[in-house]
Amino acid sequence: GAVVSQHPSRVICKSGTSVKIECRSLDFQATTMFWYRQFPKKSLMLMATSNEGSKATYEQGVEKDKFLINHASLTLSTLTVTSAHPEDSSFYICSAGDSNYGYTFGSGTRLTVV
Amino acid sequence: AQTVTQSQPEMSVQEAETVTLSCTYDTSENNYYLFWYKQPPSRQMILVIRQEAYKQQNATENRFSVNFQKAAKSFSLKISDSQLGDTAMYFCAFMKTRNQFYFGTGTSLTVIP
Chain A
1 GAVVSQHPSR VICKSGTSVK IECRSLDFQA TTMFWYRQFP KKSLMLMATS
51 NEGSKATYEQ GVEKDKFLIN HASLTLSTLT VTSAHPEDSS FYICSAGDSN
101 YGYTFGSGTR LTVV
Chain B
115 AQTVTQSQPE MSVQEAETVT LSCTYDTSEN NYYLFWYKQP PSRQMILVIR
165 QEAYKQQNAT ENRFSVNFQK AAKSFSLKIS DSQLGDTAMY FCAFMKTRNQ
215 FYFGTGTSLT VIP
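In the order they appear, the protein sequences are chains A and B.
Under the numbering used here, the first residue of the first sequence is numbered 1, with each subsequent residue one higher.
Under the numbering used here, the first residue of the second sequence is numbered 115, with each subsequent residue one higher.
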């Protein structure tokens, strides 16, 4: 089945620095990947749709300059949280797939900004 | 915007019993997909079952089955013979043709031994 790898699983960074999260489709090509944010005991909130070779599509209210998305290849999308602040601390999850293949989620990244 | 509503924040069931989790959604689309995902404490999202809106037959996957009522925009999940490993958060999700998921608020299910 489809496998999506997300790295790192946990990261702690200092306020004001940037952190990059990678999402890889290991056994299939993904022209589209999705990034979600999940607060404790809450649902997943779609942040943006990552499109290979073009600009990401951001959901309303998500700052595109804060959350930079790059989808440079058919197997890799990255989310960079720029100038991170404590309020950016959260659980970030990516997913990839399609309606025929099925959708698979990465294992998530717990970001803590101190 | 698409909305997905799960009206049961928490539920519990005795081991080996049956439990039904509710989900309703709102959309003007005619073609879409519905999913139930399980998120155990590891926080890995695991696909439980999916349903295509154009199919009238309810999807089943071993102990998991759905009751899909398109006109009522209802998509409930039935878990039969509940097992301890079924303890998790369960999210109902809606996906339209742009392949974007919209999740419900989740139901925390506890299976009691």
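What the hints contain is simulated information worked out from the structure, not anything from laboratory work.
Incorrect hints may appear among the rest.
Unchecked claim - Lysine-lysine pairs mimicking DSS-like chemistry, simulated, CA-CA at most 25 Å apart:
no.: 1; chain 1: A; residue 1: K42; chain 2: A; residue 2: K55
no.: 2; chain 1: A; residue 1: K20; chain 2: A; residue 2: K55
no.: 3; chain 1: B; residue 1: K192; chain 2: B; residue 2: K169
no.: 4; chain 1: B; residue 1: K192; chain 2: A; residue 2: K41
no.: 5; chain 1: A; residue 1: K42; chain 2: A; residue 2: K66
no.: 6; chain 1: B; residue 1: K192; chain 2: A; residue 2: K20
no.: 7; chain 1: A; residue 1: K14; chain 2: A; residue 2: K64
no.: 8; chain 1: B; residue 1: K169; chain 2: B; residue 2: K187
no.: 9; chain 1: B; residue 1: K169; chain 2: B; residue 2: K184
no.: 10; chain 1: A; residue 1: K14; chain 2: A; residue 2: K66
no.: 11; chain 1: A; residue 1: K64; chain 2: B; residue 2: K192
no.: 12; chain 1: A; residue 1: K66; chain 2: A; residue 2: K20
no.: 13; chain 1: B; residue 1: K192; chain 2: A; residue 2: K42
no.: 14; chain 1: B; residue 1: K184; chain 2: B; residue 2: K210
no.: 15; chain 1: A; residue 1: K41; chain 2: A; residue 2: K66
no.: 16; chain 1: B; residue 1: K169; chain 2: A; residue 2: K42
no.: 17; chain 1: A; residue 1: K20; chain 2: A; residue 2: K42
no.: 18; chain 1: B; residue 1: K184; chain 2: A; residue 2: K55
Unchecked claim - Residues from chain B that keep clear of chain A, each with C-beta distances beyond 12 Å, as calculated:
no.: 19; residue: Q120
no.: 20; residue: S142
no.: 21; residue: L198
Quick reminder that beta carbons are idealized off the backbone N, C-alpha and C, glycines included.
Here's how the hints hold up against the structure:
no. : hint            : verdict
1   : A:K42 / A:K55   : violated (28 Å)
2   : A:K20 / A:K55   : holds (17 Å)
3   : B:K192 / B:K169 : holds (18 Å)
4   : B:K192 / A:K41  : holds (22 Å)
5   : A:K42 / A:K66   : holds (22 Å)
6   : B:K192 / A:K20  : violated (39 Å)
7   : A:K14 / A:K64   : holds (21 Å)
8   : B:K169 / B:K187 : holds (14 Å)
9   : B:K169 / B:K184 : holds (10 Å)
10  : A:K14 / A:K66   : holds (15 Å)
11  : A:K64 / B:K192  : violated (39 Å)
12  : A:K66 / A:K20   : holds (12 Å)
13  : B:K192 / A:K42  : holds (22 Å)
14  : B:K184 / B:K210 : holds (14 Å)
15  : A:K41 / A:K66   : holds (24 Å)
16  : B:K169 / A:K42  : violated (30 Å)
17  : A:K20 / A:K42   : holds (23 Å)
18  : B:K184 / A:K55  : violated (35 Å)
19  : Q120            : violated (9 Å)
20  : S142            : holds (18 Å)
21  : L198            : holds (21 Å)
Hints 1, 6, 11, 16, 18, 19 from the list above are not met by this structure, while the remaining hints are.
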